[in-house]
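As you go down the protein sequences, you meet chains A and B in turn.
The first sequence runs 859 to 1053 under our numbering.
The second sequence runs -2 to 405 under our numbering.
To be clear, the hints were calculated from the coordinates, so they are not data collected in a lab.
Check before you lean on any hint, since a few could be wrong.
Some chain B residues close to chain A (C-beta under 7 Å, calculated; not the full set) [what the hints assert, rightly or not]:
#, residue
1, Ile99
2, Thr110
3, Thr112
4, Gln396
For every residue, glycine included, the Cβ atom is placed at its ideal position computed from N, Cα and C.
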Amino acid sequence: MSSTDEDPQLLSRRAALKALAAVSVCPLVASCEFVEIKDDDDEASTTNQSSGNDQDAGHGTNGDTGGDTDTVPVDGTPFSLDDPELEALSEVGNQACFDHGSQEVILVRASDDEIVAFEQVCPHQGLPMGACGNNTQPAKWDQDKEAIVCQWHGSTFNRDGDLIEAPPTDSSFDEPIRVFPVQFDPDTGEGYVLN
Amino acid sequence: MRSMRVLFAISTLLLVGLAWLPEATSLPRMSATSGAPCTTCHFNSDGGGLRSEIGWGTAQLTGAIDHEQTGLSVLSDRSTNRVLDWMAVGGDARIQMARLGIPRETVDDDGETVTITPDREIIPMQLQPYIAIMPHDDLTLHGSYAAGPSSGEWCSTVYAGQTCAQGHLTWDPSPRVPTFRAGLFRPSIGMRHDDHTMLTHADASRPRPTVIPPNYAEVGVEASYQPRHWLRLDAGAFQPDRLADAVGNPEISEATTAAAYLARASYFPRFDFGPDKTFYGWVGASVYGDVDNHFRADQTFVGMGWLDRGSVMFELAHLSFGSDTERRALNAAGILSVEFTDWLVAEGRLEQATTRIRDVDDSIQRRAAVAGLQFYPVPYLKLRPEYRITDTDDWTMAQYAVQLHLFY
Ligand code: FES
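Let's have the full structure, built from the sequences with the hints guiding it.
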């Protein structure tokens, strides 16, 4: 469903009508539960921006550095620190939100040579972690622990994505976060987030 | 015959209840439909928490089946919740079945975009005993402890700004002078709803929008004065440590002079149109914020209740965040409740939260439509089936939830 370009009044009218219909009928119909994800105006095409050449350049491990970024890796999304939205990554410890195909990821400048890419949705309760959109509680990068801390309940994930601290409110939670391999050339400030 | 009717009513309601939806809600309905202040039924002058003898006694009589019919008459043999002349006890326990979290899209191994709906979970959400000690007629010491039943920890707070232990002393010498509260307690902000998901205290720009969480409390003092039955004034001063956490702005509590203030005025008009036609109104406004203006909540509310029939309420809130107002939220809620009997109440509400961020053109919106029942099958037990549609700029989700609430 496309929505971001629609009149918000229409949306609320639509939601109200749905609510009315649902409230009248739903006690009898279990299928009244539904989910709709609305499209982003600026959504990138899904994954696989492959040029089909040079397998060597692709599939690096997380934090891969120094690859030949003139070569387009398979399944990678290129980025450059010249991009104003990524210029925060010029400093170690900073982070930025980045569209990797249809997914948002959090890029963290973990060291002079390395950029780490985390899935931006926290596996704990599915809440957004990144400084994406208008998230007012973005995750924080702990440079000493080399770990990212979700600000919603405190889940802490190391640079490999492993959970190193569960939320104090939910000690039974034990899931890793997805980490995307990154190929980054600190000299040019260019790189790729890989699948 | 009566038991057949009761059985039929329960089966029907359970069927309806099982099909109904998500997170549960509650309203200051009791006060609005009876015209009685919260303190008639609760120790807390702002409602909620430990019930007074009248509140406890009313609860004892509220249920589709009374205790004698269930063979549990031992539970109704007591005439008070006082365990000693000077001590009363009580508690709330709630279990909720709902889909928690937000839906999202991800890309699977085949490169396909898939929608992930949050799992339906059953969570123990509240386990909170209360105690009130009355060393003197004018003094009450009130304490409560919200354990973390879902985490297994004794103290576990799900939202920033929550507290586990709360306690305050109330001095209430006579109706002619103000009542004072001092200690760690919730300031009397706006209307007090017992559903923390209400959008009036929300910031739509947060994926989990609640700003003022359940069991929010600050150390402070508050005076409440009700010089006439139709007028109540509240004023308080607090140390805003938990507000800083709840809002996510440490500056709120950093300064040595950091403080929060509260002011609320409520007018309770009464309209008498003859037998069985008395309506109780509730109009008020409150302001709560920190003295350095990092956060401020202005709220107005208006409601009307008809004894044993129902109530309708509206609340409007304007929240501002940041010392130079980086973010503003304008939130509204309309709530309708209809009482079929004292043990069955239907509720519906529509809510809208809009956040504007400075220098950002588009506002961020969130809406909710909720319909539910409050059903008391037996005294001290409430079932709250609910259907909820939540609509944000990024997704829409409709779900059922049921809450089981045991209270004493
Ligand atoms: S959503 Fe991240 S820790 Fe809970």
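Results for each hint:
A least Cβ separation of about 5 Å between Ile99 (chain B) and chain A falls short of the 7 Å threshold, and the interface hint therefore holds. Because the smallest distance between the Cβ of Thr110 (chain B) and any Cβ of chain A comes to about 6 Å, under 7 Å, the interface hint for this residue holds. A least Cβ separation of about 6 Å between Thr112 (chain B) and chain A falls short of the 7 Å threshold, and the interface hint therefore holds. The closest approach between the C-beta of Gln396 (chain B) and any C-beta of chain A is roughly 5 Å, which is under the 7 Å cut-off, so the hint is satisfied.
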